[in-house]
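Student: Each chain, letter by letter, is given below.
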Amino acid sequence: MKSYFVPQCRVDFAVWEHIDTDVSRFRGRSWRSKLSLLALSTAKKAVSNSSLASTLDNNISNIHSLGQILHSLDLQVYPDDSAPASSQMQEVSSLPELLQVRSSFLRGKVSLLLSAAPACQRQNS
Amino acid sequence: MRSDGLTVVFMLCLAYVTTGGKSFESTVSQLLRDETEDLKCFVVGKKDLTCFWEVEEARNDQYTFMYSYENEKKTPCVVSSRFLLASNKTVFFCKLPKTIFFAALDVQVFRDGRTLYNRSLRAENILFVDPPRNLTVMSSGKEGQLNVSWLPPPLKYMDDSMIYEVRYAVDGSHMGKVEEMMASTTLVLRDLQSGTRYKVWVRVKLDGVSYKSYWSSWTDPVFADTLPSGIDPLIVLLVLFIGLILCLLSLTVILSHHKVLLKKLWPDIPTPEHKFPGLFTVYKGDFKEWMSQNNGSMWGRSVHVFTEELPSHVEVLSEVSLTSHGTSPREERKPVVEVEESERTDSGLMGGWREPPHAQWLMEQLRALQENPESLSQSTLLQSHDTYVALNQNSQHVEEVAERQEDDVFEETLPLQTLFTTEGTSSLSASHSDLGSLPQSSGSGRLSSQSSFEYPNHTWPPKGCGYTYMAVADSGVSMDYSPMSSSRNTEVGKHGIYTNEYKNEIFGKWPFSSQHVESGY
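Line order of the protein sequences matches chains H and F. According to this note's numbering, the first sequence is numbered sequentially starting from 75. According to this note's numbering, the second sequence is numbered sequentially starting from 1371.
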């Protein structure tokens, strides 16, 4: 498997509260689908079980469909692959690392960004 | 002034440390029970990550603690120790200067240069949360229910990841139940005992989707009472259902035996209808009419019939044949009476008694007498033999009797003739003994026999006709005082009324055979 540059997943709450949430939300939204696609496609190449490979193909197809819907609503932004690597990025070269990054990214930053979004706030009765 | 300020600061710090220390000791105590790893680590809040290990005996060992986050260099951490009074043990711990979530963390403990513990962990998986706040338990207003509510611990970004566990038990009981709640801070406890005091506890932990934690400690218990029970609706329903079934069964039994019950409670008034067939249905209660239509068929029954007339007493001693006396053939037309034998001897009687002829013949004789009353002109003297009296043929007396009984229809034609004579006596006399209850008219012997049956077709014989009547005497053989007769005694007054059972072969087919004949004087 070749190396991929993926965003950092770590969250320091002492710093997180002071960062630009809009920018972070943008970056999180943009990398959410890409990381999923990247992880699933890499995993498909690594598995030998035909049924598992078929399941991974179905998941990849679903993510592409969701991305097209969000793009039509101007909500889906794909990151620029040509952008230089930053401290906010990390390199992964194996499928376990890629899957771990994807899991941490979704559990951490994506969850924090969604919980802070106005649409996800609980309405006070 | 300056020293006072320092003293205050020192006291506050001491209080803070004590409180924190107390909190640290409780957390450590809990993790010592729950965590299986030798090197135990936990994150309190979102900024403090602490790792500790337990030592049986405190010795002067040198411990080194090293940690490193992913893609970072290893960094040492200052090791501290604390003696736990509760467990009488010593723990060494290190509090990391920074806490990074969603990144791998490697920690190592060295003792005297040798690796004691080595562990890889992630901060988002070892969170230790505080227990819920403001636990409140109140009655819901319904029987057997309690409303429980609380506030989550103050943990930003993690509110949606919390799950709660509510434990409740009857006050004083060690048996309790546990309810688990997901992302909700209220709960209604149901199916509780009425009028009972309950204790409630709550604890919390993170669900493990984004963040994972240990169970928090239990809150302090809160007590609450359930409403007292009213009447159990189930019991009320059961009682009503059973009562309804019993009522239906009783109703069924009553309806199936209503006739029997009616007879028991309201017995029918006995009526003599069955003794008088057709009297009330055909003849509408007209007894005379009924009698006239049923004279032939009813005589064979034992029927007590009473007339309104003054009854007369008739006793037949024996039958007599008119031809035995050597009289004229007319005598054959005299009424022949079958006389019942008395108890006394009949030596004084005229001889020649024999069985009377057939009843039909007697009827003919009677009719003949009616047609030819002068056939009775011959007086027949009867002599009483102690108790019997000869009949009076005086027409005057007959009229008197007729006047008295004018409206009565009685058996003047039927009265019996009994010829009793004794030697040398041909006078009328009355038997004293037998007629003791009867008024006597001296010499007149106004006696008339009267049947207790009415024959509308028969009237009192006209004037001038002489009848020879049998002396009616009470032989005392048999007496039958009917209820009517007893009442008659009061009505009649001086007249005694009594009945004798009349038995006579001749009158086997006669109306008054085996009938009670009343006579009155």
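Just so you know, these hints were derived from the structure itself, not from any lab. Even glycine gets a Cβ: it sits at the ideal position worked out from N, Cα and C. Do not rely on the hints blindly, as some may be mistaken.
[Said to hold, decoys possible] Cβ pair distances, simulated, as ranges:
{"hint": "1", "chain 1": "F", "residue 1": "Val1579", "chain 2": "H", "residue 2": "His92", "range": "36 to 44 Å"}
{"hint": "2", "chain 1": "H", "residue 1": "Ser177", "chain 2": "F", "residue 2": "Trp1585", "range": "19 to 27 Å"}
{"hint": "3", "chain 1": "H", "residue 1": "Glu91", "chain 2": "F", "residue 2": "Val1579", "range": "18 to 26 Å"}
{"hint": "4", "chain 1": "F", "residue 1": "Met1508", "chain 2": "H", "residue 2": "Glu91", "range": "32 to 40 Å"}
{"hint": "5", "chain 1": "F", "residue 1": "Arg1452", "chain 2": "H", "residue 2": "His92", "range": "30 to 38 Å"}
[Claimed, not checked] Beyond 10 Å from chain H on every Cβ pair, some chain F residues (computed):
{"hint": "6", "residue": "Arg1403"}
{"hint": "7", "residue": "Tyr1439"}
{"hint": "8", "residue": "Pro1501"}
{"hint": "9", "residue": "Gly1514"}
{"hint": "10", "residue": "Tyr1527"}
{"hint": "11", "residue": "Arg1573"}
{"hint": "12", "residue": "Val1579"}
{"hint": "13", "residue": "Leu1614"}
{"hint": "14", "residue": "Leu1621"}
{"hint": "15", "residue": "Val1623"}
{"hint": "16", "residue": "Val1630"}
{"hint": "17", "residue": "Phe1646"}
{"hint": "18", "residue": "Gly1648"}
{"hint": "19", "residue": "Phe1650"}
[Said to hold, decoys possible] Result set (EDC-like, lysine to aspartate or glutamate): computed pairs, CA atoms no more than 20 Å apart in a straight line:
{"hint": "20", "chain 1": "F", "residue 1": "Lys1526", "chain 2": "H", "residue 2": "Glu165"}
{"hint": "21", "chain 1": "F", "residue 1": "Lys1459", "chain 2": "F", "residue 2": "Glu1405"}
{"hint": "22", "chain 1": "H", "residue 1": "Lys119", "chain 2": "H", "residue 2": "Glu91"}
{"hint": "23", "chain 1": "F", "residue 1": "Lys1444", "chain 2": "H", "residue 2": "Asp86"}
{"hint": "24", "chain 1": "F", "residue 1": "Lys1526", "chain 2": "F", "residue 2": "Asp1577"}
{"hint": "25", "chain 1": "F", "residue 1": "Lys1443", "chain 2": "H", "residue 2": "Asp86"}
{"hint": "26", "chain 1": "F", "residue 1": "Lys1547", "chain 2": "F", "residue 2": "Asp1602"}
{"hint": "27", "chain 1": "F", "residue 1": "Lys1417", "chain 2": "H", "residue 2": "Glu165"}
{"hint": "28", "chain 1": "F", "residue 1": "Lys1465", "chain 2": "F", "residue 2": "Glu1550"}
{"hint": "29", "chain 1": "F", "residue 1": "Lys1468", "chain 2": "H", "residue 2": "Asp131"}
{"hint": "30", "chain 1": "F", "residue 1": "Lys1417", "chain 2": "H", "residue 2": "Asp131"}
{"hint": "31", "chain 1": "F", "residue 1": "Lys1582", "chain 2": "F", "residue 2": "Glu1407"}
{"hint": "32", "chain 1": "F", "residue 1": "Lys1512", "chain 2": "F", "residue 2": "Asp1602"}
{"hint": "33", "chain 1": "F", "residue 1": "Lys1468", "chain 2": "H", "residue 2": "Asp86"}
{"hint": "34", "chain 1": "H", "residue 1": "Lys108", "chain 2": "H", "residue 2": "Glu171"}
{"hint": "35", "chain 1": "F", "residue 1": "Lys1443", "chain 2": "H", "residue 2": "Glu165"}
{"hint": "36", "chain 1": "H", "residue 1": "Lys119", "chain 2": "H", "residue 2": "Asp86"}
{"hint": "37", "chain 1": "H", "residue 1": "Lys108", "chain 2": "H", "residue 2": "Asp86"}
{"hint": "38", "chain 1": "F", "residue 1": "Lys1575", "chain 2": "F", "residue 2": "Glu1550"}
{"hint": "39", "chain 1": "F", "residue 1": "Lys1582", "chain 2": "H", "residue 2": "Asp86"}
{"hint": "40", "chain 1": "H", "residue 1": "Lys108", "chain 2": "H", "residue 2": "Glu91"}
Student: Hint by hint, which ones does this structure get wrong, listed from lowest number up?
Tutor: 1, 7, 10, 12, 20, 22, 26, 27, 28, 29, 30, 36, 37, 40
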